[in-house]
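*Asks:* Sequence:
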Amino acid sequence: MLNQNSTINNHSMINRRQFFSMCTGLLLAPTTVHSNNSSSVNLKGKVIQTTNPSFLKENGSPDKQKLSTHLHQCMKKLLNADNEKTAWSMLFNPNDRVGLKVNCLASPKLSPHPELIQSIIDGLLMAGVKEEHILIWDRSNKELERGNFQINTSGKGVKCFGTDAIEGGGYEQQLSTSGKITSCLSMILTQFCTAFINVPVLKDHDLAGLGVAMKNLYGIIHNPNKYHDNNCNPYLADVCNLAQVKDKLRLTICDALAAQYHGGPAFKPQWKWNCSTLLVAQDMVALDSIAYDIIEKKRTSANMPSLKTEKREPSWLKTAEQYKLGYADLSKITLISLVQ
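The numbering of the sequence shown is the working numbering, which starts it at 1 and goes up by one.
The set of hints was computed from the structure by calculation and includes no laboratory data.
Just so we're clear, the structure is a prediction, and the values are computed from it rather than from any experiment.
Derived DSS-like pairs (lysine-lysine); straight-line CA-CA distance at most 25 angstroms: (1) Lys156 x Lys142; (2) Lys77 x Lys66; (3) Lys297 x Lys308.
Model the full structure from these sequences, guided by the hints.
*Replies:* Here it is, written out as structure tokens:
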């Protein structure tokens with residue numbers, strides 16, 4: 001499933017019959033926190049941040065054990081849970097089929113690290129989710145392979161393939177509309193997932209300003225290129241306001257071990273830095289607002305103009321708050337930085 005050498009798997013495509021067999025017996029699980037003490041947990045506007053320079057070893061590879069430990073600490077803090085199993089079980093249950101929507105566009109240098117993905121999978125297993133009911137996905141097999149993920153459509157264990165691996169293109173024929181966007185949605189989201197985790201990276205975007213959590217969800221629609229005018233406002237908020245997103249998104253985990261403050265969304269090594277950070281939230285609007293703040297502070301330290309000055313301020317964050325998708329106003333966000 002995870003492959004540091006990224007070799008092409010012979011079973012890289014999946015016919016519709018095989019795909020729908022993965023989705024049979026689907027039990028729709030609750031899409032909100034389902035814990036006896038969930039009434040005491042307020043996750044809107046709550047973002048957990050952990051930073052540790054030793055996340056990356058001297059050779060640049062992640063320290064899996066440290067990543068895993070810190071991720072589970074973030075989950076406990078986010079959910080006010082006594083232990084990591086309880087934390088993961090508050091968001092996921094054994095009946096779930098969980099998609100991990102990664103962003104491998106700038107692979108292999110700037111995409112979610114397989115070590116982090118494995119740590120997320122470990123958490124899902126604690127909650128009782130079966131390996132066969134976990135699917136790592138992005139738009140295409142090619143992007144996943146470049147991101148050091150091994151395609152697995154038919155083997156045992158965790159599945160990994162792009163929307164384009166599904167016979168017929170992998171998108172629903174029926175159009176979905178939200179605000180000013182009309183698109184066909186990935187069948188991985190609509191048919192396989194009862195829940196999904198958004199796993200973006202931390203980077204700027206030449207048109208949207210920011211290419212983190214909300215922007216990653218352009219990867220669930222068939223026609224994202226239509227919706228980049230006006231710095232992607234209101235289109236990004238409209239995508240995130242789709243019922244399939246609101247009903248199924250349980251968690252956002254941003255891999256900011258390596259990050260980029262200019263030149264995105266493609267990888268530009270001259271503007272990359274080791275941020276050595278994880279951001280964890282249910283409120284992806286709040287998480288993006290914190291990510292925006294991190295990018296702007298880095299740009300200031302590099303003597304670069306703000307995104308607003310460059311006329312690419314992510315104004316869609318405010319639109320998302322108006323839609324009540326989460327908080328964009330930093331004064332409304334509770335940022336908890338874990339002291340290591």
